[in-house]
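Asks: Letter by letter, the chains look like this.
Protein chains: 2
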Amino acid sequence: MTHVLDDFRGLDETDEVRPFRERFALPEGVIYLDGNSLGALPKATPARVRQVVEQEWGCDLIRSWNRHGWIDMQQRVGKKIGRLIGAVPGETLVADSTSVNLFKMLSAALQLRPDRRVILSEASNFPTDLYIAEGLADLLGRSHTLRLETPEAVEQAIGDDVAVVMLTQVNYRTGRLWDMAAMTALAHAAGAVMLWDLAHSAGAMPIDLSGAGVDLAVGCGYKFLNGGPGAPAFLYVAGRHRHATSPLAGWFGHATPFSFDQAYRPASDITRFAAGTPPVISLAALEVGVDLMLEAPMPALRQKSLLLGRLFAELVEQELAGQGFRIVSPRADAQRGSQVCLSHAKAWPITQALIERGVIGDFRAPDILRFGFAPLYNKYTDVWHAVAILKDVMTQRSWNASRHYANAVVT
Amino acid sequence: MTHVLDDFRGLDETDEVRPFRERFALPEGVIYLDGNSLGALPKATPARVRQVVEQEWGCDLIRSWNRHGWIDMQQRVGKKIGRLIGAVPGETLVADSTSVNLFKMLSAALQLRPDRRVILSEASNFPTDLYIAEGLADLLGRSHTLRLETPEAVEQAIGDDVAVVMLTQVNYRTGRLWDMAAMTALAHAAGAVMLWDLAHSAGAMPIDLSGAGVDLAVGCGYKFLNGGPGAPAFLYVAGRHRHATSPLAGWFGHATPFSFDQAYRPASDITRFAAGTPPVISLAALEVGVDLMLEAPMPALRQKSLLLGRLFAELVEQELAGQGFRIVSPRADAQRGSQVCLSHAKAWPITQALIERGVIGDFRAPDILRFGFAPLYNKYTDVWHAVAILKDVMTQRSWNASRHYANAVVT
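Those sequence lines, one after another, are chains A and B.
Anchor point for the first sequence: position 13 equals 13 in our numbering, and the numbering is continuous, going up by one each time.
Anchor point for the second sequence: position 268 equals 268 in our numbering, and the numbering is continuous, going up by one each time.
None of these hints come from the bench; they were simulated from the model.
Hints should not be assumed to be uniformly reliable.
Some, not all, of what chain B presents toward chain A, calculated at C-beta under 7 Å [to be verified]:
no., residue
1, G10
2, L11
3, T256
4, S259
5, P278
Here are the in silico distance ranges between beta carbons for each label pair [stated by the list, open to error]:
no., chain 1, residue 1, chain 2, residue 2, range
6, A, G191, B, E54, 48 to 54 Å
7, A, P114, B, A123, 44 to 50 Å
8, B, R142, A, D367, 47 to 53 Å
9, B, G191, A, R242, 49 to 55 Å
10, B, G191, A, P114, 30 to 36 Å
11, B, R326, A, R113, 27 to 33 Å
12, A, R113, B, G324, 34 to 40 Å
13, A, R113, B, E54, 44 to 50 Å
For glycine and all other residues, C-beta sits at the position ideal for the given N, C-alpha and C.
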């Protein structure tokens, strides 16, 4: 079956989540397929940020910690994110960055399995996950090691020396989706703790951490949660792991920070994984994105996301045959996140030419063009036009192979 | 000599830094003596925050990492803060929270002194500093210990087992100011690394880290730098410590994060102490505060700050004799930061009664009323009126001793 533009127009007309697009301030003339790198701006965010800056900070000053609930923001927004990922209230907290939270979670995992010495992950995991694990191992004097496998070999590698299996649910480069429940069960069967990085999945699909029996998780606020550039991240600790503590024992994790005790006494709840004073303005922006996401029907978002991806891949095959592209993302819905990636020898200059034409995806070294689908605001016709413009770029050879990717942008 | 209101009016009239007050959006009817807890809002901040939210995030989206220099913000703002504290460009970075940066700096210090096992601090240091040190010691399996002394005993306690001396330049509770150069020299004489927490001094007084030969430092963005609630913090590593690395080896500290290498290779410059993606909106707000501070003549600010403190203490003695107050801050200028603290058995309800009358200081358990002086925007007459209102509160006994401090606000 050949796809035609009218099919995509028809899908937009009957799209039940289409009204959410109007809640975002998307620029004219841009097809934004990079919401998995930096989510778009909700229209409600500027007013909320103005309020926190001008009214709460400017007028109420220090009193806002109580008067406007700054003191509970990490728990409040954390609880809201928990609803998106199948957590029980009190198991999630907004804090720090994904990297810093990974450090806390890995350290907690090693605490939970004191007799085991291996952190197991996949070699193609997002680099910061691997760096943080190596950094922790270095700090611990190499008493622990990071073992890296191909995705296919992870299962066999969960030996009885593995303290924690650390995986990212959706691979940042290929979009490959792990079966969370199955992998968690395998980790548990081998006596290991399971730690998931939800950076590319939270907000993009239904997640059931409780149902899957997950132990620990981290995730990102600035991708599908639309929390703004560098938005604070989140963490999850299953309620049963009450004895796990944070190695970053800052005062915001103390049971009673304002008694200014000399000795650290961790809060009995998830608050113990907080560290320093959180960035309130950025946190307020994140809350708007999360609130908006909570209004949307997640199963419908997932269905739309999968259809956007499937249609994109089919259009690439229909329109770009013989142009040197290879679809590197899994085609099966059950194995794909909310993105489709293409490899091409000239991926970098093609990405740049697309951006100049208003189609924003991103490049991942060495040869990947990555297109993310944010079902909350992407239209089906976005997919059609993106491929049409890509075809035009290739046909006209309107990309300059001499460009180098020294100026590559942030994931 | 008896102080009278006209003296304070006269000082305001001839105050050379008085014009800076007009650069802040201070609320009507408030005397704000809590800038050492949360600095006031610069009038330029809302427009800059609007710009970063609506234009940079909303319109330019992911492209802003390059187009608007988000990618270099931590270094750029760090360099500006460096000018306030006597750092050489490339020795300072904005990142994470003060607590998280302390963890990095303590870990780096232990790396620099691998044969020593003691972290030395003072028992009355700000709690998060002590908690972070204990948390690191716990993580390291108690191979290292935190030794706590009274301020007077610190000097004698710097034995040859001490890896790092960790002190806060201005004590959060008493306002006591360490002699940075002298203490650093003592630490070095004993072969220890010197780590300063500048939370209550950066932006309040001239600081010369290079001149004092300091090894490592951290500091806070939301106090005297007026960076907004929970603003990102900063860190300093002396250029000579090129081999010190961060235990929080996140991708923003990698030499080339966008090559997405599997192995961590720390940046050769201060960037290696970055961890995850920084909160851009909060960072943009911080930059405005720092830029404003850089316009001001720091020696004049320090002189004004000291005079504000001295006059406050003298007025307390003049107006509040017999009311049960004791001045706990050092009276000698060379030993005092930018605050004056009083102890009183009813410190908590008195603080609350003052706040209700528009005089905002804060309470520090168990019995301290803390008044901070931000010379950039506090007037001399603020000091007069604050003491006059405090006298009125005491005379009328318009405080309710039954209040409990469960709702205490954040430092």
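Asks: So which of those numbered hints doesn't the model satisfy?
Replies: 1, 2, 3, 7, 9, 11 and 12
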